[in-house]
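Trainee: Each chain, written out:
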Amino acid sequence: MRDPDVVVVGAGADGPAAAWKLANDHGLDVLVLEGGAWHGNKQWPKPHADAGGTVSTDPDDLDGKLLDEQFTHREADANDPTWGYLRVGPADHSRAPWFRNLHQNAFIWQISAVGGTSLHYFANHPRAYPYAINEQPHWPIDYEELVPYYQLNEENTSTQQAPMTGKEEVFIEGATNAGYPLIETKNVTETGWRPQANAVEVPGRQTATGEPLNSEYEGSFSYDDGFRGDTLVGDHFQGSSTPIDAPVRDKARKSSNVGYVPRALDTNKDATKGNVAIRPNAYVTDVETKEGFGSIEATGVTFRDSWSGQTQTVEADTIILAGGCIETPRLWLNAGLPDDGWVGKGLTTHWFDWVVGVYDEETIEDINPDMKHMDPYIGQNSAVRFDKPGVGGMEDIGMSPGLVSYADYLFSQAGYSFDTPVDPDEPWDTRGYVVGKELKRRMSNYRQTKALLILTDDLPRQDNGISLDNTFSDEHGAVPKVKWEPHPEDDAKRDELSRIAARIHKEAGAEHVHRCDWPPLLLHMQSSMRMGKVLDSNAEAKNVDRLFVADHSALANGLGGPNPTNSGQALALRTADRIADLYF
Amino acid sequence: MKGIGGLAALSMSNATIADVQAAVNDQLPSDPHTADTYRSIVDAILPRTPELEAELGPEHVPGGLDAELEKFLIWDFNHFQEIRSEMVTEKLDLLANEAAMPRSMFELTLTTGGLGSDLDALLDLADLTLGDLLDLGLDGDALENRLTFGAVERYETSFVDLDTSAEGVAEFEIRVDIDDETYHQVLQNYPYAPAFTLVFDVVAAEFLVRGNNEQPPEPNQKFPAGGTFTRLAPRDRLRCLWTIVDGSIIDDLDELLSPLVPDLGILKFVVMAVNGLHGFGYYTEWSGYGSTKTETPNERKMQKPAGAVQSRKQSDYPGPALGYAADWRHAVDGGFADPDADELNLPDDLSGDDVLSGIGGEN
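Line by line, the protein sequences are chains G and P. Residue numbers for the first sequence follow the numbering used here, beginning at 1 and rising by one. Residue numbers for the second sequence follow the numbering used here, beginning at 1001 and rising by one.
Chain P with its partners taken away, still in its complex shape (with noise of 0.2 Å):
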């Protein structure tokens, strides 16, 4: 089954690997809560701005969401890791071949239905206690109340067809049940995006067991299938993200975030990215590519002149150029003085007019 062009989904319950193999060119992005929750980092960052009309003009109105620029977020998550079958192992005795990655590091499943609150669900994948929580300095009973998962009522992330003595990137199925329907998704990569979201809904579930949020969290109907994080209000989610770099809050919630992604470690570069991302897709070109801006590089193609996308109109940008026809001028009249090595005759103290004590490296 191919899982190029990585974004295969579909809406089905009790779906094979066939029809999920059928619909691999389906356009839907991901499912509902995993756009729900980028479309909210993005409309904080980027929002529709009609109070700008009036100082700017009208093309300074559209946000981050007009286009599309979830689906730039959740691509660029979804193709950030291979992980090759070769290198995966059944075994949890790593010491034989030390490269070696445990298969289960890269599936989970979480239910959230019938087990009691998300919070239950999230401590049964975690093999953890209410009481756990609490010699981990977390308040457990405050943090159930705060947690959900918005829509998701199960979450899986598992192989397809994984052959660990065969080489070749492994192939990954995320299937996500909300209301009656089945979303899955193929993918030949370790499905991050949706994975991310979950994460940050239980750090926005500690974020206001804490107090940090500076405005009521609320259910959101511009996002009916997000959880915790997308009820917060707009800058009180960037906030949330923050604390992720800033703030303990990874390293306190470590245990009972660990099952939901391979490497926790990496959240704060994660943080860096969702901020990041905005300038490599909004600000560029990218949404000119328009029906192909979710294919694989090879196949995307440029719909809209690189100055007539939204962003290039927002910033009087026309797009790439051959040449510019423009002034200039040499500031060094014949270039820089360059003796030969054995006449350069440097002063005797080199070490410039203000020179801050180093600490000479070493260690």
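Isolated chain G (complex conformation) (with noise of 0.2 Å):
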């Protein structure tokens, strides 16, 4: 694409989102750059070993076997932060990951790749709450305004309610009994627990035999021998290439590179509409700027191809920047762009905990007469949530073994459990790492635990966010410096929803219940480019003409607690139509 109207810099949940609705609906031609790699795409069909491509924009480039080669499942295979193929890092696997100065007991998970961190999410789609929206004093916009964007998005992602398997129904069992209402609708102004709305098609939608998915099906979950629709595998942090054999575009998680590229690149197909081009292996380092009339405007951008070296500027009308809540404001710095203060600064991740639960099979009998087992990777990771706005939430997790081991044991600020007392008034039997003999016995319980995690709302801080490096360079520049702490009001809260989380474990029956009392893990990420500070009501940088941002970033505050993804995409949603109302 010699002359876009809009570059985008990310191609991850929100990016191409953004794309879509500029080409789709504005008839703009869109060039989308991305510093990762694309899976499931013919052009790079092995996009760890060899350059590939160079550009892609046509949909018949997508290739879903291609994506399930690619894809394992496996764990490590995946998630490695060094070496997994979702990772934050060059596409050439002989090198290392991109690195980031990280000071602390913490640890940041995000994915560079076309889909970005989506390709491991578990694709809840809450909404924020209302009240972070209207009540807290950061939004430049109403809630009422994302509403339509917000439906948008989750028609766009097959957003709906999660179905409930065993582990869901042992929590429904706790928060219950625990005297919790279900939650009847997705604008959330009350206490109480509700099935996740979830970007993932319905179970079996259609099977291979005809017959329903369930403990009696015995077809295939091949999409060619039939299979349609989510096939409850809990390997959604693995990338879900699910059901196998599908088009891309039919793959039951809506990530982004299936939920919205393949319908960006469908715009390529239609003469009256924009054109899309996505090309991965290309790293943004500069924003190019020219002087207006008492401000500067953006131009364009120079990007790196990352397999050959080679550096090319390229011009548009607009500029929109969706690399995340580190590498956007980390491009921002690097380009010299107007700094007032706030420019990476003020970003939230949710003050996560996380809190564990083992059963008993007896308790799991009385619950699901027909189990033994909750088997937490059978169906979906998460698929009930509980709400408490003006506090945060809580989601019900399910995962593979490495994941749990780690999530569940192996994290924490607390230290040593063996060298950790426990509070007689708290309701845990145990906090902290838990190491050696213990360690073993836990995972033999593996198929017995599920966990909880915490998501407080925590505030936007200039203390908390992302700066410039000042020990070590990469070829993009001076590398992210990235500071996350806890403001005590967050620990306050924090505090209070894990002790939730241990009731309800309890009300269900467990049989022990550990918090891990993480240290931040900067998952969630949030508001570094806010709108409000950095940003103005349309997303566009307040001190830079032209320039827009359209990821998780711009986002003006932590939602409250609700998972960002939905809210993420509904806003460059809304920032597309935006930029073509201003300057098409």
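Check before you lean on any hint, since a few could be wrong.
To be verified - Label-pair distances were calculated between CB atoms; the ranges are:
id	chain 1	residue 1	chain 2	residue 2	range
1	P	G1114	G	F418	37 to 47 Å
2	G	Q206	P	F1336	21 to 31 Å
3	G	A51	P	P1050	14 to 24 Å
To be clear, the hints were calculated from the coordinates, so they are not data collected in a lab. Note that this is a predicted model, so its numbers are computed, not measured. Virtual Cβ for every residue (Gly too), placed ideally from N, Cα, C.
Both chains come to you apart, so use the hints to assemble them.
Mentor: Put into structure tokens, the structure is as follows:
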């Protein structure tokens, strides 16, 4: 694409949504530059070993069977932060990941690729709490203005209520016994529990035998044999390319490479619409500007091909930054764009915690008479949640054992459980790292174990965020230095949610409850380039004309605690409309 | 010379670069000090547990060392950060290029033999004296009594054929002299794995000086090449690591440790990783890659069914599947109510029923 109207920097969860809207609804030509790999595209048959093609504009380039080969469903293969196919780094897997300087006991979990961090998400798509938009003082727009974009995004991503399997039935037992009501709206203003709204198709929408998908089903799970919809595998953190053999667009879980990229490329086949070109392995290193009347104006970007090392500048009428909460401010600062003190700052990350319940067979059998195990790898990873607007939320989660061992027992800020006393007034039995014989015992109970993820409503603070590191640089400039620490208010909210989680476990009959006391896990990152601070109500930079941000960094706070993908994509769709109104 | 494959090692004296190249495919994962230090961590977190056989079954006896988990830790740390040749400068004046990194940040030689104690060697490297340690609030004599880098006689990290005028991934050479042997590795990333083991020895010595240990240290025959760290009892090794995160040990040791790692600030992250990598390694299918487990990712191949690897048998997880025939239901008939935006009719007070007072964000 020689003369795009818009360049989008980053093909993560949000960039492709904006690109689709600009081309589909406004007839604009959009070039999307992605720093990482592209999986499931015939132009890059070995994306981690060979440079492959340059750019893709044809939806027929997408190949679901190729995606099945690349996404092996194995945990280490997928999730190892250094060498997994879902990591932050160059596509070339003989090279190390991109370095971020992090001076804390903390973990940053992101993915650089077409689809971005949505490649490993659980596809949970709750909306922000209306409270967080309208009654926290951060947002320049009302909740009601986002609702039509939520509705559009939910339609595009097949968002619906998640299915309940064994572990969810146990959660519902606990939440109900603890006295919490079922919430029956997407616009949550009261405390209670509800099925997840998630971007995964209905399980077994069609099956290979025409029989329903339940424990009696003995047919195939292959698309070629007629299976459609979710296959109830809990491998969403490994990429989830199910059902196998399905075309990319028909994979059940709608990460943005599934939910948005195919429909963005479809615009190229319709002469009445604009065009979308996506170029992976293209890391943007600079934003080009010119002086305007009393301000500066973005005119293009310079990017570096991560295989050849060659750089190239491309001009456009408007630029959208969608590299994520770390890379967007990093690029901004390395490009020398104006910083009034909030660029990269105000990072929120849902001050997580993780409360683990271990159950015995009799308890499970009482709740689900046909089962002896909850089998956390069966069903969706997270299909039921709890909401408490003003404090945060929580999610019931089951995963495969490597992830479980890390999240349940090997990630803590409390020290080792053998040295960590438990306050007898608290509702958990143990706290901190679990190692040695006790770790093996707990993991031998893996199939009877599930966890509740605490998502605390942390508010943006200027002390938290991304700056340029003054020690290390890489081929893209100074590396990002990342810092996030909770405010004491956040700790109080998190403690309250953790107590509720422990109570829900115990009300369901858990025989052992463990609180991990996680250190910061930077996964749900939001608001490091906030609307209301760095951006105006159109998500255009206050200090640079024609430069927009359309990723989770544009969110004005942490949404009250709900998972950010639905809100990030909804806002990106709105920003695309605003760009078309303002400049085209 | 290709460092791809990451772990090239050989054992010989006076080795040349060509010798190193010839040994690029050698499978020795590291020098013995490095290996024994990580082995001692693996053994503290995931030991062999014969006592669990009667309780849970024989598959629960083997530990992390039976799966060679130390190789996983070493591989991951050694592939953690790439350094680009064109970003390195020989000059100390960095003002000319703000992004440049000085060559000296990445190169060091620690000579423990011949200069006196292991602490003397470190002081020499850090350009400090025992008197300086006093000013830093450290008891030099006590530290000297405690600190040993075990079998390490000489430790050197240097660039291989650094050409700062050419773009590309810099390669590093690591040489460790132990007894009469020299262990070489050529890596295309900064060799963090061996560097961290030296840090752990120094932190362990200070841990002992402060009396934070609960059991007396003693030479450990399981880890004969290890230093102070490996002489700690298993739980004390973990307590020692934890003092890096919680406790001022790293701040107090800052000047003494600073030559050993390009940026000491990452050490708290490293402690997170040392623990967490047991999950990413041991409890995933990693050990099922068999002889390919420390190849580059494109070369790794599963050599066992995912459910047949040691830790998978211990967790009773059968490995990934294409789908599950499982019973499920929707909890809400007909889904959620969702009126159009102009008919939302939200309550006047959206703040929920139990708002904790926030600070409003801003600062």
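Trainee: Look at each hint and say if it fits the structure.
Mentor: Taking the hints in turn, this is what the structure says about them:
no.: 1; hint: G1114/P / F418/G: 37 to 47 Å; in the structure: holds (41 Å)
no.: 2; hint: Q206/G / F1336/P: 21 to 31 Å; in the structure: holds (24 Å)
no.: 3; hint: A51/G / P1050/P: 14 to 24 Å; in the structure: violated (51 Å)
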